[in-house]
Amino acid sequence: MAGNLLHINDVHKAFGDVRVLGGVSLRLDAGETVALTGESGSGKSTLLHLAGGLDRPETGTITVQGTDISTQDDATRAETRRASVGLIFQQFNLVPSLSVAANIALQARMAGRHDADFAGSLAERLGLADLLSRYPEQLSGGQQQRVAIARALAGRPALILADEPTGNLDEETGDTVLSLLLDLVAETGAGLLMVTHSPRLAERLSRRIHLSRGQLA
Amino acid sequence: MLYTALSTLSSHWRRRPGQFLMLALGLALATALWSGVQAINTEARAAYDRAAATLGQDQLSRLERADGRPVPIAEFIALRQAGYLVSPVISGELRDSNGRLRILGTDPLTAPMEAQTPALGSEFDLLDFFTAPGLLLVTQDTANGDLPAGLPPLRIADGIPPAAAITDISPAARLLGPSDPSYLLVAPPQPFGLPPIDTATDLTLRPPEGGNDIARLTDSFHLNLTAFGLLSFAVGLFIVNAAIGLAFEQRRATVRTLRALGAPLRTVLTALSLELLIIALIAGLIGIVLGYIIAAALMPGVAGTLRGLYGADIEGVLQFDPIWAMSALAITLLGASAAAIQALIQTARMPLLAPALPRAWAQASGRTIRWQALAAATLFATSLALAVFGTGLVMAFATLAALLLGAALALPAVFTATLKLIRPKNAFAEWIVADTRQQIPGLSLALMALLLALSANIGVSTMVGSFRVTFLGWLDQRLASELYVTARTPEEAAALMAALEPDVDAILPMVSFQTRLYDRPADIFGIVEHPTYAAGWPLLSSAENPWQTLAAGEGALVNEQTARRENLSIGDSLPVAGGLPIVGIYSDYGNPNGQAILSLNRLLETYPGTQSRRFAIRVDPDRAPELATRLRDEFGLPTDGVINQAQVKAFSVDVFEQTFRVTGALNVLTLGVAGIALLTSFLTLANLRLPQLAPLWAIGTSRAALARIEMFRSLALAALTFALALPTGLLLAWILLAFVNVEAFGWRLPMRLFPAEWFNLFALALLAAALAALAPTHRLARKAPARHTRNFAQAR
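Heads up: the sequence lines are chains U and W, in that order.
For reference, each letter of the first sequence is one residue, going 11 to 227 in the numbering used here.
For reference, each letter of the second sequence is one residue, going 15 to 810 in the numbering used here.
Read the hints as simulated data drawn from the structure, not as lab findings.
Take these hints with a grain of salt, some might be off.
Sample of chain W residues facing chain U (criterion: CB under 7 angstroms; computed from the structure) [as the list claims (entries may be wrong)]:
#1 22
#2 25
#3 26
#4 277
Just so we're clear, the structure is a prediction, and the values are computed from it rather than from any experiment.
Positions of the beta carbon are idealized from the N, C-alpha and C atoms, including for glycine.
Just chain U, same shape as in the assembly (with noise of 0.2 angstroms):
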């Protein structure tokens, strides 16, 4: 199916006896972005971890460019994941160990496809040239989201997840760090899925779609 980069379709999730997600269907195609809605406690996050294939659903079926990602093993849903999805976390989770530049080409690196001269690029328009040599303790919230996005785009994934993004930033800060993210999913021509709370964000992007108690609304 030409174009359809994410297909998600009649996926149910529980934890125990918590019902998380019963029966969620979606699509989201390439160079197209998404906002992904809900009050706390609706599974967006989980929906968003199995789009990236963190977990499996127990039924239902999620295919990332074609290949259905819901049956693959542990292993090969990490190669899928490394070659095809860049993840924003809403804790950043960057390695403290790394400096910035490392910590940007990181995943890039693991799917062979570093290319010294985008990192460079993404870092001077994130912001981030003068900042390479540091270390994420030494970088305020602001900065640190904005390397965890380079980090999802060095690789140019065609699928960009990402878990409220702006979620520990400043209103301000949060409304910049988005803008440069869409102008950077709009270059690499990837799709985006980005979970948020906030409707004023959630309007700037292509399409919006609300779970409630686990189903789309």
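Fit chain W to the given chain U structure using the hints.
Only chain W this time, still in chain U's reference frame:
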């Protein structure tokens, strides 16, 4: 990808070089102490093998008299005339104030091929070897050592045992005094048609010394060293385990990130294993070098110990053996793997979506502590059962191991229970107690290491101290005579006795000869009846009137080690002088050989020809120095021909001190390693504890006050560990004295207590804890407020 994962994970160490240093140091120290001990053991065993191979003793049978006395030359001639291929050997020791040397006189013309040492080749003029004054073949080390005066020329040769010389039989006889051969070597193929050689003579045919008496005798010492090495290795592994465990906790988030970014679990585990392998290899190599240095430094002490305790000569120099180095490296890798296995398993089981917040490392739950307590109780029961029912040296060490391990495992439970008993009145003290309880799991490994080191220290120093006090008391009693005189000839001895008779209280001849008792080397002494013996020789057990029975020639005394080894008791018959009942058993500390005492008359009747050149003199102690000078002046006796009591005691004490120098050194090293383990834990916990301390700071506790609390807590934990180590160490000492000593040396010592030493050790433990806590405490006191506020900024 593996490279990226490896470099990402190992970047942790680049950012924390101190932590890396601790890990490498822990592994290197563990390897060093273990491999150092192994190097010593390997070297000593090689020396025993070389000694056993001298003159083909490991391959050739020998003929000797059952009573251990020289073989009459007529017997040798008769056997040769009958066609048997036998060759005489004269063996004995030369000793004077300059040094000592074992002489082995061989007859190259009749010696079997196996007894022709490589030294007897064509490297030197054979004529010099056979003709007066002869040649002594010695190793370079022996030649460089302290040797008796008046020796023939020395020639350096390989393959000669340490502190020994091989020479022709004629110079040997000249040096050792006219003597018949000590024994005859028997060529393996005897001429065809002759009856078996043991049917042609009354001499006893002894098979080749394949097993090596000395090696068997010294097994206990080497087992002792090995146990110490193992203890040090285990303590070192505590550091490694702590460092790896901490690194795992600190990198938990990194591992999650790597996996989230697409690194398969297998790659992460491979990278972690590779990283460990590289660190273990580097640390292992450093450890081998350190081990070699430690072993080389301890080697002279070990040589002294082996000579003092067992009469075994080894070189005091260490050779490098690649096999030893490889095995040391292998044990390092095994040890590192054992220490890391828990962290690797946790990594493998860690869910990808687990919370990324770092937790306190190795946070044992209450259930773990209960399991540890249960395991401790089982080990204590095992130790008790082994102490009651076990026999043999290995069982004795197993008893020790179970006790020590049990005590270590019981520690967290004891701490937790103790802290539960404390019910503070104010909120702040309540927080301190609760926080300390929370820290126990994180600190328990280091505190266990400290407990092991302190217990071992108390145990070993109590044993050595008990030995020292008992030994010195025993020396005072045994060396009751004021002077000990050695004449150069029996005639001179007779002249000396005649001259001394009117001026002294008593002359006590010291007649002895070497023989074999129960198939082991032994000395038989003959003594005259005198109150000195009855008053000065404490008997461990005796029949009624033992000294009178002995004087009447109707009984014998035997030393403790022979009695224990052969399970002899009062009234049993001792196979000396045709068989004499045992009337007393006496302690004979430090003597590896058998010993028996009978009346001088009975000795001379049974073994005619035994001559006396030594005697002890009882005289007013104030007159002893003057009498010694007179004897030297009038009879021209050499300085060491007249020895006063103080000299003998000083010499004996010197031998004693040297004997336990190695143990002392290992003891200190183990304590040092435990100190480092403690430092590692305090340093690492200090970083992880910031989030717990930040709220205290925020609600109004100054950084300095927090630092003081941390220091107080470290000292309190060390004090509590010592309180547990004391009874454990005393139990250890009791097992060492009551079981290990008896199994290893054949004698038992009374246990003495040394509270002053405990106090010193207690102070040392507090000092170690204070030093270990100093750096983290200092850092805490100086920590910028921003570091504390960051804990709130990142808290979600």
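(request) Compare the structure with the hints numbered earlier in the document and write down the numbers of the violated ones, lowest to highest. (result) Of the numbered hints, all hold.
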